[in-house]
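Please build the complete structure, drawing on both the sequences and the hints.
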Amino acid sequence: SAVISQKPSRDICQRGTSLTIQCQVDSQVTMMFWYRQQPGQSLTLIATANQGSEATYESGFVIDKFPISRPNLTFSTLTVSNMSPEDSSIYLCSVAKTALGTEAFFGQGTRLTVV
Amino acid sequence: QKEVEQNSGPLSVPEGAIASLNCTYSDRGSQSFFWYRQYSGKSPELIMSIYSNGDKEDGRFTAQLNKASQYVSLLIRDSQPSDSATYLCAVNSSGGSYIPTFGRGTSLIVHP
Chain F
1 SAVISQKPSR DICQRGTSLT IQCQVDSQVT MMFWYRQQPG QSLTLIATAN
51 QGSEATYESG FVIDKFPISR PNLTFSTLTV SNMSPEDSSI YLCSVAKTAL
101 GTEAFFGQGT RLTVV
Chain Y
1001 QKEVEQNSGP LSVPEGAIAS LNCTYSDRGS QSFFWYRQYS GKSPELIMSI
1051 YSNGDKEDGR FTAQLNKASQ YVSLLIRDSQ PSDSATYLCA VNSSGGSYIP
1101 TFGRGTSLIV HP
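If you read the sequences in order, they're chains F and Y.
If you read the first sequence in my numbering, its first letter stands for residue 1, the second for the next number, and so on.
If you read the second sequence in my numbering, its first letter stands for residue 1001, the second for the next number, and so on.
Worth double-checking, as some hints may not be accurate.
Here are the simulated DMTMM-like pairs of lysine to aspartate or glutamate, each with C-alpha atoms no more than 20 Å apart in a straight line [claimed, not checked]: (1) F:Lys65 - F:Glu54; (2) Y:Lys1067 - F:Glu103; (3) Y:Lys1002 - F:Glu103; (4) F:Lys97 - Y:Glu1045; (5) Y:Lys1002 - F:Asp87; (6) Y:Lys1042 - F:Asp11; (7) Y:Lys1067 - Y:Glu1005; (8) F:Lys65 - F:Glu86; (9) Y:Lys1042 - F:Glu58.
Residues from chain Y shown here face chain F by an in silico Cβ test under 7 Å; the list is partial [stated by the list, open to error]: (10) Tyr1039; (11) Pro1100; (12) Arg1104; (13) Gly1105.
Sample of chain Y residues lacking proximity to chain F, with all beta carbon distances greater than 10 Å (derived) [unchecked claim]: (14) Val1013; (15) Pro1014; (16) Ile1018; (17) Asn1022; (18) Ser1026; (19) Asp1027; (20) Ser1032; (21) Phe1061; (22) Ser1069; (23) Arg1077; (24) Asp1078; (25) Asp1083; (26) Leu1088; (27) Ala1090; (28) His1111.
Simulated from the structure, these hints should not be mistaken for lab results.
Yeah, the Cβ is synthetic: ideal placement off N, Cα and C, and Gly gets one too.
Rendered as structure tokens:
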């Protein structure tokens, strides 16, 4: 497994502002993902964070709204930009050691409330 | 569209019973299958992975995979109240991307 540190664990933000969430892993991993989970719902993949290149976004998610950085194999950030109350959710960082369909592990999550 | 289907529940079982959780998937080429447990307010925790047809046992947990029928199940023996959580089935897509697709999860309640 991997030890994943995700910060902040929760935040309350004003609409129109931006929040950057950090994900730090204790070892190098190939795959890093960002998910969103609405209350009572399953996980929705936002994007795959690619080291040294632009993230790969899923349908319905765009870089201007959710810019992602991944400068190395152990760290990534997700920014939620120009927030609205609809962005209130739990955001989760997930990592997989290899790209071969191996297990994925999750950070503790960031509970975001936009007021 | 690759889909993973689970009954949302809740599934209610008495303490000490066997809880059976089921999951079906649409992508016939899927190769890797996982079960996660998620307590309320917490992030998902991996509890089982299975890659080939048949049963895989780990303590009180048994994962079962049937690729021909495209289903995977999780059995929890001697269920405990601490097993009460939402159980998420995840399937790794085929085609080289290996991005897991998650089901909506089944809520399990184990009552004393």
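Hint by hint, here is what the structure shows:
Taking the CA atoms of F:Lys65 and F:Glu54, the gap is near 14 Å; set against the 20 Å cutoff, the hint holds. About 19 Å separates the Cα atoms of Y:Lys1067 and F:Glu103, which keeps this hinted pair within 20 Å; it holds. For the proposed pair Y:Lys1002 and F:Glu103, the alpha carbon gap of about 19 Å is at most 20 Å, so the pair holds. The straight-line distance between the Cα atoms of F:Lys97 and Y:Glu1045 is roughly 16 Å, inside the 20 Å bound, and the hint therefore holds.
Distance hint between Y:Lys1002 and F:Asp87 is unfulfilled; the C-alpha atoms sit about 25 Å from each other, more than 20 Å. Proposed proximity of Y:Lys1042 and F:Asp11 is supported: the alpha carbons are some 16 Å apart, at most 20 Å. For the given pair, Y:Lys1067 sits about 15 Å from Y:Glu1005 by alpha-carbon distance, which is consistent with the 20 Å threshold. About 13 Å separates the Cα atoms of F:Lys65 and F:Glu86, which keeps this hinted pair within 20 Å; it holds.
Proximity of Y:Lys1042 to F:Glu58 is assessed by CA-CA distance (about 24 Å); at most 20 Å being required, the pair is judged violated. Hint status for Y:Tyr1039: violated, given a least beta-carbon distance of 12 Å to chain F, over 7 Å. The interface hint given for Y:Pro1100 is met, as the beta carbon of that residue sits about 6 Å from the closest beta carbon of chain F, less than 7 Å. Contact between Y:Arg1104 and chain F, as hinted, is supported at the beta carbon level, the nearest pair being about 4 Å apart and thus within 7 Å.
The beta carbon of Y:Gly1105 is positioned within 7 Å of a beta carbon in chain F (closest approach about 6 Å), and the interface hint is therefore held. At roughly 21 Å from the closest C-beta of chain F, the C-beta of Y:Val1013 stays outside 10 Å, upholding its exclusion from the interface. Every CB of chain F is more than 10 Å from the CB of Y:Pro1014 (nearest about 25 Å), matching its label as outside the interface. For Y:Ile1018, the requirement that its beta carbon stay farther than 10 Å from each beta carbon of chain F is met, with the minimum near 24 Å.
Distance check on Y:Asn1022: its Cβ is at least 16 Å (rounded) from any Cβ of chain F, clearing the 10 Å threshold; non-interface status holds. The beta carbon of Y:Ser1026 is kept farther than 10 Å from every beta carbon of chain F, the shortest such distance being approximately 15 Å. Every CB of chain F is more than 10 Å from the CB of Y:Asp1027 (nearest about 12 Å), matching its label as outside the interface. Non-interface status of Y:Ser1032 relative to chain F is broken: a Cβ of that chain comes within 10 Å, the nearest being about 4 Å off.
Distance check for Y:Phe1061 against chain F: the nearest CB is about 15 Å away, which clears 10 Å, and the non-interface claim stands. Every CB of chain F lies more than 10 Å from the CB of Y:Ser1069, the least distance being 20 Å, so the non-interface label holds. Chain F leaves Y:Arg1077 outside its interface by the beta-carbon criterion, the shortest separation being 22 Å against a cut-off of 10 Å. For Y:Asp1078, the requirement that its beta carbon stay farther than 10 Å from each beta carbon of chain F is met, with the minimum near 25 Å.
The claim that Y:Asp1083 is not at the interface with chain F holds, since no C-beta of that chain comes within 10 Å of its own (minimum 19 Å). Y:Leu1088, annotated as away from the interface, has a beta carbon of chain F within 10 Å; the closest lies near 7 Å. Once the 10 Å rule is applied to beta carbons, Y:Ala1090 is inconsistent with being away from chain F; the minimum gap is 7 Å. A cut-off of 10 Å between C-beta atoms confirms that Y:His1111 is not in contact with chain F; the least separation is 21 Å.
Violated hints, listed in ascending order, are 5, 9, 10, 20, 26 and 27; each of the other numbered hints is respected by the structure.
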